[in-house]
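Trainee: These protein sequence lines map, in sequence, to chains A and B.
Each residue of the first sequence is one higher than the one before, starting from 1 at the first, in my numbering.
Each residue of the second sequence is one higher than the one before, starting from 1 at the first, in my numbering.
Rather than coming from a laboratory, the hints here were simulated on the basis of the structure.
Owing to the predicted nature of the structure, the values given are computational and were not obtained by experimental measurement.
Do not take every clue at face value.
The list makes no distinction among identical chains, and a pair is therefore deemed to hold if it is satisfied within one copy or across any two copies.
[Unchecked claim] Derived lysine-lysine pairs resembling DSSO-like cross-links, with alpha carbons at most 27 Å apart:
1) 235 <-> 29
2) 282 <-> 245
3) 110 <-> 120
4) 369 <-> 354
5) 56 <-> 20
6) 115 <-> 330
7) 56 <-> 25
8) 31 <-> 56
9) 220 <-> 31
10) 405 <-> 354
11) 29 <-> 56
12) 395 <-> 362
13) 263 <-> 120
14) 319 <-> 369
15) 18 <-> 56
16) 31 <-> 315
17) 235 <-> 25
18) 282 <-> 18
There are 2 protein chains.
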Amino acid sequence: MALIVMKFGGSSVADSEKIKHVAGKIIAKKKGGNKIVVVVSAPGDMTDDLITMSEKITSEPNPREMDLLLSTGEQVSISLLAMAIQSMGHGAVALTGPQAGIFTDSEHLKARVEKIIPKKIFSFLDKGNIVIVAGFQGLNPNNDIATLGRGGSDLTAVALAAQMEANICEIYTDVEGVFTTDPRVVKDATKIDTISYEEMLEMAGSGAQVMQARSIEVAKKYGIEIHVRSTFSEKEGTYIVSEEKIGRKKMEALMVSAVTFDKNQVKFSLIDLPDIPGMAAKIFGSLAKLGINVDMIIQSAALDKKNDISFTVSKADLKRTQMKIDQLAKELKAQSVVCDEHVAKVSVVGVGMKSHAGVASKMFEILAKNDINIEMISTSEIKVSCVIDEVDLNKALAELHKGFKLNKK
Amino acid sequence: MALIVMKFGGSSVADSEKIKHVAGKIIAKKKGGNKIVVVVSAPGDMTDDLITMSEKITSEPNPREMDLLLSTGEQVSISLLAMAIQSMGHGAVALTGPQAGIFTDSEHLKARVEKIIPKKIFSFLDKGNIVIVAGFQGLNPNNDIATLGRGGSDLTAVALAAQMEANICEIYTDVEGVFTTDPRVVKDATKIDTISYEEMLEMAGSGAQVMQARSIEVAKKYGIEIHVRSTFSEKEGTYIVSEEKIGRKKMEALMVSAVTFDKNQVKFSLIDLPDIPGMAAKIFGSLAKLGINVDMIIQSAALDKKNDISFTVSKADLKRTQMKIDQLAKELKAQSVVCDEHVAKVSVVGVGMKSHAGVASKMFEILAKNDINIEMISTSEIKVSCVIDEVDLNKALAELHKGFKLNKK
Numbered sequence: 001m002a003l004i005v006m007k008f009g010g011s012s013v014a015d016s017e018k019i020k021h022v023a024g025k026i027i028a029k030k031k032g033g034n035k036i037v038v039v040v041s042a043p044g045d046m047t048d049d050l051i052t053m054s055e056k057i058t059s060e061p062n063p064r065e066m067d068l069l070l071s072t073g074e075q076v077s078i079s080l081l082a083m084a085i086q087s088m089g090h091g092a093v094a095l096t097g098p099q100a101g102i103f104t105d106s107e108h109l110k111a112r113v114e115k116i117i118p119k120k121i122f123s124f125l126d127k128g129n130i131v132i133v134a135g136f137q138g139l140n141p142n143n144d145i146a147t148l149g150r151g152g153s154d155l156t157a158v159a160l161a162a163q164m165e166a167n168i169c170e171i172y173t174d175v176e177g178v179f180t181t182d183p184r185v186v187k188d189a190t191k192i193d194t195i196s197y198e199e200m201l202e203m204a205g206s207g208a209q210v211m212q213a214r215s216i217e218v219a220k221k222y223g224i225e226i227h228v229r230s231t232f233s234e235k236e237g238t239y240i241v242s243e244e245k246i247g248r249k250k251m252e253a254l255m256v257s258a259v260t261f262d263k264n265q266v267k268f269s270l271i272d273l274p275d276i277p278g279m280a281a282k283i284f285g286s287l288a289k290l291g292i293n294v295d296m297i298i299q300s301a302a303l304d305k306k307n308d309i310s311f312t313v314s315k316a317d318l319k320r321t322q323m324k325i326d327q328l329a330k331e332l333k334a335q336s337v338v339c340d341e342h343v344a345k346v347s348v349v350g351v352g353m354k355s356h357a358g359v360a361s362k363m364f365e366i367l368a369k370n371d372i373n374i375e376m377i378s379t380s381e382i383k384v385s386c387v388i389d390e391v392d393l394n395k396a397l398a399e400l401h402k403g404f405k406l407n408k409k
Numbered sequence: 001m002a003l004i005v006m007k008f009g010g011s012s013v014a015d016s017e018k019i020k021h022v023a024g025k026i027i028a029k030k031k032g033g034n035k036i037v038v039v040v041s042a043p044g045d046m047t048d049d050l051i052t053m054s055e056k057i058t059s060e061p062n063p064r065e066m067d068l069l070l071s072t073g074e075q076v077s078i079s080l081l082a083m084a085i086q087s088m089g090h091g092a093v094a095l096t097g098p099q100a101g102i103f104t105d106s107e108h109l110k111a112r113v114e115k116i117i118p119k120k121i122f123s124f125l126d127k128g129n130i131v132i133v134a135g136f137q138g139l140n141p142n143n144d145i146a147t148l149g150r151g152g153s154d155l156t157a158v159a160l161a162a163q164m165e166a167n168i169c170e171i172y173t174d175v176e177g178v179f180t181t182d183p184r185v186v187k188d189a190t191k192i193d194t195i196s197y198e199e200m201l202e203m204a205g206s207g208a209q210v211m212q213a214r215s216i217e218v219a220k221k222y223g224i225e226i227h228v229r230s231t232f233s234e235k236e237g238t239y240i241v242s243e244e245k246i247g248r249k250k251m252e253a254l255m256v257s258a259v260t261f262d263k264n265q266v267k268f269s270l271i272d273l274p275d276i277p278g279m280a281a282k283i284f285g286s287l288a289k290l291g292i293n294v295d296m297i298i299q300s301a302a303l304d305k306k307n308d309i310s311f312t313v314s315k316a317d318l319k320r321t322q323m324k325i326d327q328l329a330k331e332l333k334a335q336s337v338v339c340d341e342h343v344a345k346v347s348v349v350g351v352g353m354k355s356h357a358g359v360a361s362k363m364f365e366i367l368a369k370n371d372i373n374i375e376m377i378s379t380s381e382i383k384v385s386c387v388i389d390e391v392d393l394n395k396a397l398a399e400l401h402k403g404f405k406l407n408k409k
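Excised from the complex, chain A in its bound form (with noise of 0.2 Å):
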């Protein structure tokens, strides 16, 4: 009898025919002879909603108040989902995170998950229950409700499989899984079937939307096998295994398994800096302090004693680096700041680039025959990312894909 943790998002739970049409699917997967944990998000819009709420109270609300607002979202979701698979005629019960043993650290909007004690859940499992955890939540030691942040209910399901030592985890979306890239930009795109979670890494980390990287480090880590997959269709979606698993199923890997891309970026360059030792640890060692990300940095020879240093940051983050940055160009005495916002980042992604030499070199070589300039470089073992100009980045995305044969056959 096979442990399953199904995770079902918000848009799958919005309505009560969604609600029904989930129970009937958890029935159908519990009646092929499974024990099954079910975690889900709040329904549709309704954490948006809350947070709204909150906003025309004050613009800054105490956080452990604004995580027992929002937790009420997932408490809502269960609640329903549990009367629908009873009154189906099958035993389930709801559970809050706190309720299922989920403990975290005292930070709230963001808690990390620092342990879990599945006793209530297994007990549950044992008189043939099925039993759904809000994601999202968890108990802190001071015994308050705290909220996981962003990609908090895939880390719900993806840490409780690995306590509970699940089979599989079971992520269903309202995409049918990881494709080789953007189906609404690239038509040829292709679903995956079988994907690293080095890979899912790398394409969480270059703007695929598919999941969290903390949520896929767990797995990792645990050697959780990961299945995502459509709510609303019976089709197989991706499976996210070990680097191993994949390599007994394929022979031969492909060199890339997916292009990805983020435009969610802005560049900044700090012109003719001198070039004195400890400029750059000064620059982003300020931004750090600041909780400010930097993704991508690359800083040009110099043969004259002056060079620049340029960097991207994410949108949200703009202002903020603005701010800091012409401060900085005064006192290190910098000759100018340049601020670049239509700037897109293009990744190629794939662990069969260990194998295979010559990725990155291929990937300039598509984007010089399209006369795409590239204006930042940064490689991984399994990554290439080039940041490039907005308004080239579909034909750069058509190009890469096609050129590292990635289409539909």
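Could you slot chain B onto chain A? The hints should help.
Mentor: Coordinates of chain B only, in the frame set by chain A:
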């Protein structure tokens, strides 16, 4: 330093403006040098909205999950109210019923409060905080959330005030207090300054909707003074206190304090029952088994070994009563059953009638003088009720109000 429990109903926290207004009132009371515990209901129509959601899923929701769903309403209002107070620069902590140490029995949807351990509340108060507690909910012996049923938030407030030995429990609502009769019906109705627990209990039982009987019973048992007043005015409302306190305040009590009515009744009559012992027991035992609450009963004296039994039930029980009574009428060989939906109950209430003889006869006289036929009568130590034809209700209210000198001076 006084300890004050302030309770705000759903209409007082229906939107962000009202929540801010309530926050202002609470802070003003705190600045008056008091320790403040606040109890809040769910905002506006939220409880009804949650019930509608569940109805779209199933007509018979599991009570455990229903309580989990319903309890989110108060969790939303305590969070928002705490944020509002905090944003005005005062310390506030929101606590759910379970966090506040409110423990119930294991009955869902209409749980009884078994005990209150206000350790956490006292500790937050001692640090100078305003403590905001979710009304209507507590933790049951299974560590599940249970709701207290109708009037549950008032009960939370009064029970907390009792356990914490508060100086007073203020119930803020959308009316200015308790009136001598319904001001929408009788223009001359006046606000009652002080009323006894016993009178309020009789009024609650006679259709006046200000507070549920169960909260008044707890207040009476523990001698907690209640002040019912408006959220939207600074005027004093109505104090609900013990008879002894009233005695000290007023040398001579009025004969009657209020005239109340209940249009939610139906009268059933079983005509020509054989006069055999055990008839009444058989009839009312059967209704009790169905959970049908019978209000007034009269049995006519019989010379010919036949008699009639009439009784009233609430309109909500009409259908179920009709079915059972038709069946019993056959079984017991009654001649016929008459059901009258067009009746109303009018009552005069007042501790003064203990020392003033003739309240009942004066009531009958006033009704007779106005050609109002009395169909049924019941009396208690401080209340006289008559069932009359619905069409006569407004006239009866006005004349009794005037006759017992309750009109504005």
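Trainee: Hint by hint, note whether the structure agrees.
Mentor: Hint-by-hint comparison with the structure:
Proximity of residue 235 and residue 29 under a CA criterion of 27 Å is satisfied intra-copy only: 14 Å inside one chain copy versus 62 Å between copies. Neither within a single protomer nor between protomers do residue 282 and residue 245 lie at most 27 Å apart by alpha-carbon distance, with minima of 44 Å and 74 Å respectively. Within a single copy, residue 110 and residue 120 get their C-alpha atoms as close as 25 Å, and across copies as close as 25 Å, so both meet the 27 Å cut-off. With identical chains, the CA atoms of residue 369 and residue 354 are at most 27 Å apart within one copy only, with a shortest distance of 25 Å there and 104 Å across copies.
Taking the shortest Cα distances, residue 56 and residue 20 sit within 27 Å of each other only across copies (10 Å), while inside one copy they are farther apart (33 Å). When the C-alpha separation of residue 115 and residue 330 is checked against a cutoff of 27 Å, the pair qualifies neither within a copy, at 48 Å, nor between copies, at 66 Å. For the identical chains of this complex, residue 56 and residue 25 are inter-copy neighbours only, at 19 Å across copies versus 38 Å inside a copy, given an alpha-carbon limit of 27 Å. Proximity of residue 31 to residue 56 under the C-alpha cut-off of 27 Å is restricted to the inter-copy arrangement: shortest distance 25 Å between copies versus 46 Å within a copy.
For the identical chains of this complex, residue 220 and residue 31 are neighbours neither inside a copy (29 Å) nor across copies (55 Å), given an alpha-carbon limit of 27 Å. Proximity of residue 405 and residue 354 under a CA criterion of 27 Å is satisfied intra-copy only: 17 Å inside one chain copy versus 97 Å between copies. In the homo-oligomer, the alpha carbons of residue 29 and residue 56 lie at most 27 Å apart only across protomers (24 Å), although the nearest pairing inside one protomer, at 43 Å, exceeds that limit. Within a single copy, residue 395 and residue 362 get their C-alpha atoms as close as 16 Å, which meets the 27 Å cut-off; across copies the closest is 95 Å, which misses it.
Taking the shortest Cα distances, residue 263 and residue 120 never come within 27 Å of each other, neither inside one copy (44 Å) nor across copies (48 Å). In this homomeric assembly, residue 319 and residue 369 never come within 27 Å of each other (Cα to Cα): the closest approach is 36 Å inside a single copy and 82 Å across copies. Only between protomers do residue 18 and residue 56 lie at most 27 Å apart by alpha-carbon distance; the minimum there is 11 Å, versus 30 Å within a single protomer. Proximity of residue 31 and residue 315 under a CA criterion of 27 Å is satisfied in neither setting, with 47 Å inside one chain copy and 44 Å between copies.
Taking the shortest Cα distances, residue 235 and residue 25 sit within 27 Å of each other inside one copy (13 Å), while across copies they are farther apart (58 Å). In the homo-oligomer, the alpha carbons of residue 282 and residue 18 never lie at most 27 Å apart, since the shortest distance is 52 Å inside one protomer and 49 Å across protomers.
Hints 2, 6, 9, 13, 14, 16 and 18, counting from the list given before, are not met by this structure.
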